[in-house]
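Line order of the protein sequences matches chains C and L.
Position 136 of the first sequence, counting from 1, maps to 136 under this note's numbering, and the rest follow consecutively.
Position 120 of the second sequence, counting from 1, maps to 120 under this note's numbering, and the rest follow consecutively.
The set of hints was computed from the structure by calculation and includes no laboratory data.
Here the structure is a predicted model, which means the values were calculated and not measured.
Some clues are possibly wrong.
Far from chain L by the CB rule (all over 12 Å, computed), these chain C residues [said to hold, decoys possible]:
1. L86
2. P122
3. W237
With a cut-off of at most 27 Å between alpha-carbon atoms, the simulated DSSO-like pairs for lysine-lysine come out as follows [as the list claims (entries may be wrong)]:
4. K8(L) with K136(C)
5. K114(L) with K196(L)
6. K35(C) with K275(C)
7. K238(C) with K133(C)
8. K13(C) with K220(C)
9. K136(C) with K2(L)
10. K35(C) with K87(C)
11. K133(C) with K196(L)
12. K88(C) with K13(C)
13. K133(C) with K8(L)
14. K88(C) with K238(C)
15. K35(C) with K13(C)
Virtual Cβ for every residue (Gly too), placed ideally from N, Cα, C.
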Amino acid sequence: MNPKPKGNRFGFKDLGIGIGLRTAHYAHILAKAPKIDWFEILSENYLDTGGRPAYVLDQVAERYPVALHGVSMSIGSTDPLNCEHLKKLKSLADRTKAHWVSDHLCWTGVLGRNTHDLLPMPYTEEALTHTVKRVKQVSEILERPLVLENPSSYVEFAHSTMPEWTFLARLAEEANCGLLLDVNNVFVSSFNHRFDPIEYIDGIPADRVVQYHLAGHTNKGTHIIDTHSDHAVDEVWKLYAHSVKRTGRVATLYEWDEDVPAFDVVLKEARKADKFRRALPA
Amino acid sequence: MKLGVLQKWMQAVVVHPGTTNQALRSPAASRLLNASDLQSVLLPSPSLSPAERIVVYQEMYPLRMYDALAVDYPGIEHFLGDRFQEFVSAYTAAHPSRGYTLNRLGDHVPAFLKHQRRFSPRPFLVDLARLELSLTEAFDECQGSPFSAADFEAIPPGRIAKTRLLTVPSLRLLALDWNAGEYLDSVRDENHRHPKIAKDRSFILVFRRNYSVFRLRLSPSAFDVLEDIVAGQPLGRVVDRSLARRGSKRASPDDFTRWFRQWTAEGVFAGVKTA
Numbered sequence: 001m002n003p004k005p006k007g008n009r010f011g012f013k014d015l016g017i018g019i020g021l022r023t024a025h026y027a028h029i030l031a032k033a034p035k036i037d038w039f040e041i042l043s044e045n046y047l048d049t050g051g052r053p054a055y056v057l058d059q060v061a062e063r064y065p066v067a068l069h070g071v072s073m074s075i076g077s078t079d080p081l082n083c084e085h086l087k088k089l090k091s092l093a094d095r096t097k098a099h100w101v102s103d104h105l106c107w108t109g110v111l112g113r114n115t116h117d118l119l120p121m122p123y124t125e126e127a128l129t130h131t132v133k134r135v136k137q138v139s140e141i142l143e144r145p146l147v148l149e150n151p152s153s154y155v156e157f158a159h160s161t162m163p164e165w166t167f168l169a170r171l172a173e174e175a176n177c178g179l180l181l182d183v184n185n186v187f188v189s190s191f192n193h194r195f196d197p198i199e200y201i202d203g204i205p206a207d208r209v210v211q212y213h214l215a216g217h218t219n220k221g222t223h224i225i226d227t228h229s230d231h232a233v234d235e236v237w238k239l240y241a242h243s244v245k246r247t248g249r250v251a252t253l254y255e256w257d258e259d260v261p262a263f264d265v266v267l268k269e270a271r272k273a274d275k276f277r278r279a280l281p282a
Numbered sequence: 001m002k003l004g005v006l007q008k009w010m011q012a013v014v015v016h017p018g019t020t021n022q023a024l025r026s027p028a029a030s031r032l033l034n035a036s037d038l039q040s041v042l043l044p045s046p047s048l049s050p051a052e053r054i055v056v057y058q059e060m061y062p063l064r065m066y067d068a069l070a071v072d073y074p075g076i077e078h079f080l081g082d083r084f085q086e087f088v089s090a091y092t093a094a095h096p097s098r099g100y101t102l103n104r105l106g107d108h109v110p111a112f113l114k115h116q117r118r119f120s121p122r123p124f125l126v127d128l129a130r131l132e133l134s135l136t137e138a139f140d141e142c143q144g145s146p147f148s149a150a151d152f153e154a155i156p157p158g159r160i161a162k163t164r165l166l167t168v169p170s171l172r173l174l175a176l177d178w179n180a181g182e183y184l185d186s187v188r189d190e191n192h193r194h195p196k197i198a199k200d201r202s203f204i205l206v207f208r209r210n211y212s213v214f215r216l217r218l219s220p221s222a223f224d225v226l227e228d229i230v231a232g233q234p235l236g237r238v239v240d241r242s243l244a245r246r247g248s249k250r251a252s253p254d255d256f257t258r259w260f261r262q263w264t265a266e267g268v269f270a271g272v273k274t275a
């Protein structure tokens with residue numbers, strides 16, 4: 001375990017504690033201008049609209065720091081990269097002065113189709129070489145380093161030759177990208193695939209982590225689904241506490257997408273992270 | 001298994017509308033992996049078999065498609081009720097998402113309904129889908145610059161006949177044959193007092209102002225005038241054509257003053273193009 005981050009985060013700042021910008025909170029944010037460190041924007045929701053979502057986004061981006069978070073880059077797909085999507089993404093990032101652009105280590109479809117699910121990769125040398133090449137291409141098009149999030153997953157491939165954390169660590173080094181460490185996803189996948197979540201976190205290069213995600217999930221007994229509903233369970237907070245000791249203070253964001261409660265409820269949940277961040281040496 | 005093959009196989013299973021067994025044995029999946037070899041690709045967990053694990057993805061796919069279409073087509077969802085899922089399956093099989101956003105998934109719904117026989121009354125559903133699609137399109141369109149009555153009055157009188165009016169990008173005009181608008185109103189009304197589905201020729205203007213989408217019913221003559229304006233006809237020709245029409249399609253000179261005042265106030269116009 002490396003307790004001290006090397007500081008190689010492309011100069012990305014610790015933005016503090018934020019939440020995801022959601023439609024249900026638009027009116028509250030515009031009317032009350034609540035005190036919050038930053039917002040994460042779901043990129044695809046704003047790429048093709050000139051209506052109210054675009055208006056709200058511009059207002060938010062003017063008042064708060066923002067980062068873009070996508071679900072459709074399909075970085076691991078064997079289909080060609082969607083250049084139209086990437087150009088629009090760059091334009092949105094420029095317009096909103098986004099601090100960084102993130103997406104998921106996954107694929108969402110092939111043969112020109114999009115399932116709009118974050119489908120898991122096999123962790124093989126072939127998949128690593130393929131993904132490294134594409135991350136480099138995307139970073140070039142976006143003219144900024146890409147940040148990739150560890151997914152939650154429900155299947156494991158028999159021919160994987162390395163654990164997910166090793167794949168991510170090698171990907172980050174070889175493609176020179178940042179990592180968005182979703183602690184809830186680590187917990188969900190560790191339950192579904194029965195690995196040690198601490199071993200996972202300790203296997204992630206701390207100096208590459210530029211952002212955290214926290215969220216709630218749904219435990220089905222036989223498996224856990226990453227639903228972004230509800231409060232984060234204690235085990236997830238414990239993992240976060242363990243991880244921030246390695247990375248230091250890094251931008252932290254709470255995601256709540258199902259049965260979204262009032263803004264203040266989400267913010268209160270997000271601010272639980274404060275306790276662990278404050279406990280770190282200055 | 002090579003990455004490309006694995007992804008094609010997994011997608012074939014995930015998007016299959018049947019049971020997991022049917023999905024694994026479907027031609028699209030089984031030509032890439034024999035169903036009996038599933039364990040060679042997916043590991044079991046202590047509590048789930050490989051087939052039970054992939055069910056998680058297979059079950060989420062139709063729910064995601066359902067949610068996306070229900071957001072854009074609440075009227076169709078309400079009308080079809082329990083059959084909406086069947087509609088979603090049939091529609092997404094014919095028009096799977098090929099874009100990076102689900103916001104455009106429903107773009108082909110009116111055309112799809114027009115060419116199928118499973119859901120009826122077909123012409124009513126087509127009109128309802130056209131209306132709902134126009135509302136979604138208006139919601140997402142670019143914001144037009146406002147054009148005021150003062151801007152309109154600033155046009156020199158001698159140039160008015162050759163002036164072309166530009167409408168806001170969100171503007172949509174629909175001629176409907178069925179009472180889809182009335183039905184949609186009843187869906188939004190919490191009591192759901194639905195009208196009897198019936199033929200009802202109506203002319204609808206959809207547009208967005210201050211980031212809210214509005215829907216107005218127009219007279220046949222007003223509809224034709226706006227259609228000519230959207231088509232880029234100069235105002236002199238718009239007026240001449242309208243005065244030359246017969247019956248309910250013919251406007252009176254007073255109508256023009258009233259309409260242009262109202263439409264300008266509503267924010268329907270975005271500018272002028274003078275000759």
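Status of each hint after checking the structure:
1. L86: violated, 9 Å
2. P122: violated, 6 Å
3. W237: holds, 25 Å
4. K8(L) with K136(C): holds, 24 Å
5. K114(L) with K196(L): holds, 21 Å
6. K35(C) with K275(C): holds, 18 Å
7. K238(C) with K133(C): This hinted pair is violated, its Cα atoms lying about 35 Å apart.
8. K13(C) with K220(C): violated, 37 Å
9. K136(C) with K2(L): Distance ~22 Å between K136(C) and K2(L) Cα, so the pair holds.
10. K35(C) with K87(C): violated, 32 Å
11. K133(C) with K196(L): violated, 59 Å
12. K88(C) with K13(C): holds, 24 Å
13. K133(C) with K8(L): holds, 20 Å
14. K88(C) with K238(C): violated, 38 Å
15. K35(C) with K13(C): holds, 19 Å
Consistency with the previously given hints fails for numbers 1, 2, 7, 8, 10, 11, 14, ordered from lowest to highest.
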